[in-house]
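Peer 1: For the sequence shown, position 212 (counting from the first letter as 1) is numbered 212 according to the numbering used here, and the numbering increases by one without interruption.
These are calculated hints, taken from the structure and not from any lab test.
Take the hints with a grain of salt, since some may be wrong.
[Stated by the list, open to error] Cβ pair distances, simulated, as ranges:
1) Asp145 with Ala246: 25 to 35 Å
2) Gly72 with Gly169: 46 to 56 Å
3) Ala124 with Asp226: 22 to 32 Å
4) Gly109 with Arg235: 38 to 48 Å
Even for Gly, the Cβ is constructed at its ideal location relative to N, Cα and C.
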Amino acid sequence: MSGAGRAAEAMAAAIALLRPAPGRALLVTRGDDPLWMLLADACRRLGWQVAHRTLDDGDREWAPPAPGERAGQVRFQGELLPCDLVVHHDPFGGDPHGGGPADLERLCGNGTAFVCVDYPHGLADPALRAALTEVYLRALATPLDALRERADRLARRLDAADALEIRFGSDAEADTDRALRVGRPWSVRTDFGSAATDLPVLQLPLGEVWIACRPDSVQGPLTVQDGPGEDRSRRYTVEDGRLVEADGRPADLRPIVEIGFGVNPDARWIPTTALGEKAADSLHIGFGDNTLIGGDVADDVHYDLPLPRTARARLVGAAAEATAP
């Protein structure tokens, strides 16, 4: 089986776990990559009725399809479609005012689950496109049972911890005074745990565990990765969850509401993509809204920033005195 075929089968298996009873699916994609036809076929073999719609190549804005007047309906491209599940390609980009937390909540509240797929599209360089596509297909095809076991194991350790410390740099293990500290309360979530507890939403590739935290529980130094290479790292101080520049100016108006851990061993760490959040042993932070992922901080947007590959997390507490995997 091809790499795209393996990825499509794994994606369909994830959809089946999200929605065990097959129904009517809307597949929204960009371009004509073979993955999408293979995914549609894999879903049909599981009993799904699949309607496939393609976005214009230049369309970089997005919002999830609007719910219809009745449960299990959506409006998309002028059509009213029966729909229990939307699979949406590359929804993160374009219009910063569309597709916020409230839009997803309305869609899911009308009985429709949502799966967003981060996958390369629109790259002009064929060599880069082929290389990045191969990387994504490996991450999408990672064995589901082993990935869920790895995520659940880390989630149990986070549940047992009293606090979390994140250290940066080559001396990360030793520099206890230069640690970002995150205290309780927090809620622990995994991909499928959040889909079952919060909203029926998945982001593919899979491979993330996170804590939804209170901003005032996050204090200390922070380094974020603004792109590949050491020269793209940026340093801040965090005061009550808010980033502060070296000169004391606020760096971001939205507070930290999430600490995320990547657990997918087949995802390559590319910090400017979703793989930067999924790759095993990676860390990231989330800002803005966390009401849809286990928290109680409401905002009109949510976004993430990766931490450097050298960042290391340590769980604090009698039940969790160990370095997070």
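Peer 1: Hint by hint, note whether the structure agrees.
Peer 2: Do the hints match the structure? See the list:
no. : hint                           : in the structure
1   : Asp145 with Ala246: 25 to 35 Å : violated (46 Å)
2   : Gly72 with Gly169: 46 to 56 Å  : holds (51 Å)
3   : Ala124 with Asp226: 22 to 32 Å : holds (23 Å)
4   : Gly109 with Arg235: 38 to 48 Å : holds (41 Å)
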